[in-house]
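Go by the hints and put chain B onto chain A.
Protein chains: 2
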Amino acid sequence: MTETTSICVVGGTGAEGSGLALRWAKAGHRVTIGSRDPAKAAAAAEELNGRLGRPLLSGAASRDGVAAAEVVVLTVPYAAQMSTVEGLKDVLAGKILIDVTVPLVPPKVSRVQLPPADSCVVALQAALGEGVRVVSAFQNVSAHKLKDPDKSIDCDVLVAGDDKEARALAIRLAGDAGLRGIDAGPLANSVVAESLTSVLIWINRTYKIPDAGIRITGIDAVPPASS
Amino acid sequence: MTETTSICVVGGTGAEGSGLALRWAKAGHRVTIGSRDPAKAAAAAEELNGRLGRPLLSGAASRDGVAAAEVVVLTVPYAAQMSTVEGLKDVLAGKILIDVTVPLVPPKVSRVQLPPADSCVVALQAALGEGVRVVSAFQNVSAHKLKDPDKSIDCDVLVAGDDKEARALAIRLAGDAGLRGIDAGPLANSVVAESLTSVLIWINRTYKIPDAGIRITGIDAVPPASS
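As you go down the protein sequences, you meet chains A and B in turn. Heads up: the first sequence begins at 2 in this note's numbering, then just goes up one per residue. Heads up: the second sequence begins at 2 in this note's numbering, then just goes up one per residue.
Bound conformation, chain A alone:
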């Protein structure tokens, strides 16, 4: 890790968010779990601290956590993505928002069903405007792999966003979570990671495996370009 970042994981009480929060806290970042219900957030932070054996994480109401953080990570279900962010718009101003949302439409979650704007992260950026730098990342990493912070994960993280500095930050945070982040280009390219999750779910079912993932081949060095 090159520097400590203060991160609020909104929806960090869920499986995906808590796994990322755990790994970032262990790597030395200041991590807050954000939830509409601050008591629920505190309980989740407490649970993660118990697993780490150190009181590294805290919980907060999302608004307070976001206001205090440099970087915000959104890990809520697709159905809650837009409403959650609408309520945080003012405190998100000027920040980097890493959106992990996968636009799955139950019950057919193994079938790609793109949202009206093709990418739900592109739609989020449009709703927030240029004052928030939105980056797409972590859609294809299974929550249950993230859970054990010592477990290595055979999956790359496609990072898409229109701001190069924000992409570099997300790539760095992927590395701090034990993953290889890959610069995947402009935010429009988020379509790939958002749709890939359905294909991975299909592959899990078809091949009877727990956790299909992806690797980008042809990049020799494991550490990605950081700028």
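Among the hints, a few may not be true.
One copy or any two copies: either way a pair holds, since identical chains are not told apart in the list.
With a cut-off of at most 30 Å between alpha-carbon atoms, the simulated DSS-like pairs for lysine-lysine come out as follows [to be verified]:
| no. | residue 1 | residue 2 |
| --- | --- | --- |
| 1 | 209 | 165 |
| 2 | 96 | 146 |
| 3 | 148 | 27 |
| 4 | 90 | 209 |
| 5 | 148 | 109 |
| 6 | 96 | 109 |
| 7 | 165 | 109 |
Please keep in mind that the hints were generated in silico from the structure rather than gathered at the bench.
Quick look at chain B alone, frame taken from chain A:
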């Protein structure tokens, strides 16, 4: 290879199509290069035969090649995809069509720009109707890797289609071309492979590498499920 298949590669005079044709001919399939111009098709087949040192491939006008083949593989540029197939609709009836088309929109080919139907292969299936079983495959394998039939390629082939038997055939043909085919689900899931090519082009440029590809992780055995 389990059995010999007669394959017509429409657009097989191009780089992607000729690489696949070469590999399938070498694996023992009966391969015809199809082109609007039969002389051009014959010349391309001749050139490939020269490289193989054996007269394994033939050339034909696309209509004739398609009429005589069991399986048709479409490797024309996106701009020519629909018009090419419209003219072959009657001879395609009852066959399996493997569509390799990537909906790139120049000049911004490293940016995902989805077609109106999200997937250009889904649009093709809709245009052809249920009488033709359309499968999507091979979008992410670079032509220059295919060119040398002895070169191993570090890239999986996502195979999407609504017909299970047609998917299994495309997976088998991927294997015969020296690639690992992966069952990626219904045709709608073709969005992933179609959009991924732009991301791979972005990665090639950003990381200054010639040929980014993808691997699906978590599937232990290299040979895919064949049915």
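Okay, the hints, checked on the actual structure:
1. For the identical chains of this complex, residue 209 and residue 165 are inter-copy neighbours only, at 17 Å across copies versus 38 Å inside a copy, given an alpha-carbon limit of 30 Å.
2. Proximity of residue 96 to residue 146 under the C-alpha cut-off of 30 Å is restricted to the intra-copy arrangement: shortest distance 28 Å within a copy versus 42 Å between copies.
3. Taking the shortest alpha-carbon separations for residue 148 and residue 27, only the intra-copy value of 12 Å comes in at or below 30 Å, while the best inter-copy value is 47 Å.
4. When the C-alpha separation of residue 90 and residue 209 is checked against a cutoff of 30 Å, the pair qualifies neither within a copy, at 42 Å, nor between copies, at 37 Å.
5. Within a single copy, residue 148 and residue 109 get their C-alpha atoms as close as 25 Å, which meets the 30 Å cut-off; across copies the closest is 39 Å, which misses it.
6. In this homomeric assembly, residue 96 and residue 109 come within 30 Å of each other (Cα to Cα) only across copies, at 28 Å, whereas the closest approach inside a single copy is 34 Å.
7. In this assembly of identical chains, residue 165 and residue 109 lie within 30 Å of each other by CA distance solely across copies; the values are 17 Å between and 34 Å within a copy.
The structure does not agree with numbered hint 4 stated previously, though it agrees with all others.
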